[in-house]
Every structure is written in structure tokens, then in C-alpha cells.
Amino acid sequence: MTPEVVRRSVLDGRPLPATGRVKAYPLPFATRLNLRGSPDVVEPVRKAFGVAPPTQPMGSASAGERAALWLGPDEWLLLAEENAGDLMGTLTSALGGVFHSLVDISHRQVGIAIEGPGAARLLAAGCPLDLDARAFPVGMSTRTLLVKAEIGLWRREENFFRIEVLRSFAPYVARILDLAARDQG
Amino acid sequence: MLLIHCPYCEMERPEVEFKYGGQAHLVREPQKATDEEWTDFLYFRDNTRGLHAERWRHAVGCGRFFNCLRDTVSDKIAATYKAGEPRPSSP
Ligand SMILES: [Zn+2]
Chain A
1 MTPEVVRRSV LDGRPLPATG RVKAYPLPFA TRLNLRGSPD VVEPVRKAFG
51 VAPPTQPMGS ASAGERAALW LGPDEWLLLA EENAGDLMGT LTSALGGVFH
101 SLVDISHRQV GIAIEGPGAA RLLAAGCPLD LDARAFPVGM STRTLLVKAE
151 IGLWRREENF FRIEVLRSFA PYVARILDLA ARDQG
Chain B
186 MLLIHCPYCE MERPEVEFKY GGQAHLVREP QKATDEEWTD FLYFRDNTRG
236 LHAERWRHAV GCGRFFNCLR DTVSDKIAAT YKAGEPRPSS P
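Protein chains in written order, with our numbering: chain A, 1 to 185; chain B, 186 to 276.
Chain B with its partners taken away, still in its complex shape (with noise of 0.2 Å):
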């Protein structure tokens, strides 16, 4: 199992109290965005490979959504940190 530091409770914790809530840092504009944009927004991902920004949620703990900064070939997380934070640089 995964220990991940939740940046709101400040302390590692299980994996089995968190929930995956998919790549991080995705703006929402559909005033402004064009039919191309707002087809990536809705329907497009990136498939990393290596460091990957995601949304992850503390469900059963604090609740609170972050972001973390995980290798998507080793499982490694090099970072966590608070919903609207920018992206660490990649260690």
C-alpha cells in the first residue's frame, strides 16, 4: 500500500482512504474556449509516461482535493500540494 502525504492533514497516510480523481490542472473556459478546446477539455487526456500532475481526494479523512505529482511507470510520488497551488518543478 501507498503512504500519501496529505497536504491539508499534514501526515502520510494510507492509500485505501484516497481517491484517484484524474489529471490535474485542466482550466475551464467554455466562454472563451473554441469547439477544439472544449472537445480537449471534455473528451482528451494526457497518457504519461513518467511524471504525471493528478487530482487525488482525501476522501476518507480530511475530504479535501490536492494535487500530486506521481510517476506513472514507478507508482513514485514526488509531490503533493494544495488545490490551487502551481505544478512543483519536477525534482
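The shape of chain A in the complex, shown without the other chains (with noise of 0.2 Å):
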């Protein structure tokens, strides 16, 4: 008999903020890749990507569930939908002959949706950023603090942000968001 083999997020069962301003949500599972190079790996990453990653610091850009965030001037985290097949072989292929690294991190980190008029606000509870609109605007992207844990942070909308948390301190994140809901009221 086969056995079972059942994926589950660390963050089941976990309390996540859900108030009249704010709700926060476990993201679907993602495939997710770290790409470091110079600007020349951009143009073969776009044709085999559909997305090319941006050369702007802190920048981001998307299409569809495919997404490449900047991390910095040579290292970006390409987001794809879970089951984006032999995505690690098409990219490799299509970075051939360009110096790069390539690293599947799918399962390293989690991702995390804040949502509504009082996310920003959720975020100021524990991240040192201005988040304002004016100072971090839509498309925005950064690794930064919340609180003691590392994350990555995208504004994706006004009110709307994705973070990317360890996975590891994926409960540590979700208590303190959820205690700092508690707190905003």
C-alpha cells in the first residue's frame, strides 16, 4: 500500500489577523527561485520566464502569478505557481552560457497576504520601514525586519502586501501580527 503524502503549511491552524481593517491569509504554496547574476542574465530570464527582473532597486514586476522581486543589484527571488514543471531546466538552459546561480527555494520560505485599509498600519507594528505610499509606493519590494524576523516585503496594491517569512519563523510572524491586530483593535 502507498502511503499518504500530505503537504501541509506550517501556518495551519495558526491565528492570522482577520479585523474590519485588516485581514492577513497563508498565500497558495509557490515555486520560488533565487537568481543571482549580472544584468546580462535579465533578457534570457525574460524570454523563458515571461517576466524580466527588474534592474531598478527595490523594484518588482509581474505577470500573471510570475513575479521577479529585486533583492539586490545582482539577486532577485522569482516567484511561479507551484507547479510550474521543469521551470529550474528551462531557466538553466536558457542561461546557458551567462555566469549565474540558480537555487530552488520553493519550500524555504512561506508567503503571506496582508490585506485591507489597516495593512500598512499591521506592518508599522513591527517593521521599521516609512510605509507610507509616498516613501515605499505600490511595486515596491525589499527584504527588511519584522520585528527580530527577516521577510520580504512587496506592496502590491495600496492595501495590499505580500510578504515572504522562513519558514522556520513563519509562527513567530503570524503570533506578532496577530498580537498587534489585537492591539490596533
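Hints were generated in silico from the structure; no laboratory data involved. For clarity, every value in this text was computed on a predicted model and none was experimentally measured. Glycine included, each C-beta is placed from N, C-alpha and C at the ideal position. Treat the hints with care, as some may be off.
Examples of chain A residues lying across from chain B (beta carbon under 8 Å, computed) [stated by the list, open to error]:
(1) 36
(2) 57
(3) 72
(4) 145
With a straight-line cut-off of 16 Å between C-alpha atoms, the simulated EDC-like cross-links for lysine to aspartate or glutamate are [unchecked claim]:
(5) 204/B x 150/A
(6) 148/A x 195/B
(7) 23/A x 115/A
(8) 23/A x 157/A
Two chains, two frames, some hints: make the complex.
See the structure below:
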């Protein structure tokens, strides 16, 4: 008999904020690739992935479920649907002669959506950045801190953020968000 | 908290995202160095009162090392610049 294997999220069963102003919820499983290289990687990746890695600091680009987030001048996070086929293989051959590093980190971190008119205020409870839309506009993406946890922060809409949290930090981050939301009422 | 301009993010970012990395512009040349120069490189650093060129890393941001000209008396940062760029003339 084949044993049944069930994939569960580390966030299953953990309370997350759900108030009138803001709600947070786990995002679906996704494919995540960490890409490093010079700007020479941009064009081959655009062709093979459908989204060009942005060269603008703290920039992002997306199309459908796929996105490329700037992490540093030679580093990007590529997000794609969970069942992306042989995306590693496709990108590796597209990048054939270009010096690069490409690592599958799909299971390393989890995505959490933070949505609602109170989204920026909720994050501001633990994030040291100025999250006013003038200082951190729609489309901006960066690594930063949420209290003691490193997170990836991407503002998709004025009142919608995606955060990427290292798997082992997810219970801590969920707890921090939930406590902050209760404080803020 | 200090706000530090990261030359790679091109933005002022909060101090908690950074790590201090010691004196900048040290040249490591073990093949050419005399014993005395090598000892200097390994063990001795300036103890500047005033403007000090030092390495910082935007650890919880872009992850890059860069250089910073900071006044060790006032803690005021005069300039930050990318790794590999020369120390700016003192303002
Ligand atoms: Zn930076």
C-alpha cells in the first residue's frame, strides 16, 4: 500500500489577523527561485520566464502568477505557480552561457497576504520602514525586518502587501501580526 | 535610530537593517607585505576621532557591503558609497 503523503503549511491552524481594518492569510504554495548574476541574466530570463528581473533598486515586475522581485544589484527572487514544471531546467538552459546562480528555495519560505486599509499600519507595528505610500509606493519590494524576523516585503496594491517569511520563522511572524492586530483593535 | 543611505538600494534605511564591518579601504596583499605590514593588516586599526571610513553591510536589505564616512564623535554620516569606489574628499 502506498502511504498517503499530505503537504501541510506551517501556518495551518495558526491564528492570523482578521479585523474590520485588516486581514492576513497564507498564500498558496509557490515555486521560488533565487537568481544571482549580472544584468546579463535579465534578457534570457525575460524570454524563458515571461517576466524580466527588474534592475531598478527595490523594483518588482509581475505577470499573472509570475513575478521577479529585486533583492540586490545582482540578486532576485522569482515567484511562480506551484506546479511550474521543469522551470529550473528551462531557465538553466536559457541562461546557458551566462554566469549565474539559480537555486530552488520553494520550500524555504512561505507567503502571507496582508490586506485592507489597516495593512500598512499593521506592518508598521514591527517593520522599521516608512510604509506611507509616498515613501514605499505600490510595486516596491525589499528585504527588511518584522520585529526580529527577516521578511521579504512587496507592496502589490496600496492596501495589499505580500510578505515572504522563512518557514521556521512563520509561527513567530503569525503571532506578532496577530498580537499587533489585537492591539490595534 | 540612524537613517543610513544605502548606495545600492538608493534609499535611506533604518540602522537596525545594517551590520558594521570595521575599517574600510584595507588592502590585503600577503604576497607583497613584509612581516610588519602583514601584522598591521591583521591586527592594527585606526582609532580615529572624527571622520572614519568604514565598511557597513545592508544585512537585512540588499545584503551588499558598502563604505561609509562617519564622524566618530557626533555619529553623523557624511557620505556612503559603493564598495570599490574611492573615499570621497572630506566635506
Ligand atoms: Zn541596500
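Do the hints match the structure? See the list:
no.	hint	verdict
1	36	10 Å, violated
2	57	5 Å, holds
3	72	4 Å, holds
4	145	5 Å, holds
5	204/B x 150/A	14 Å, holds
6	148/A x 195/B	24 Å, violated
7	23/A x 115/A	5 Å, holds
8	23/A x 157/A	14 Å, holds
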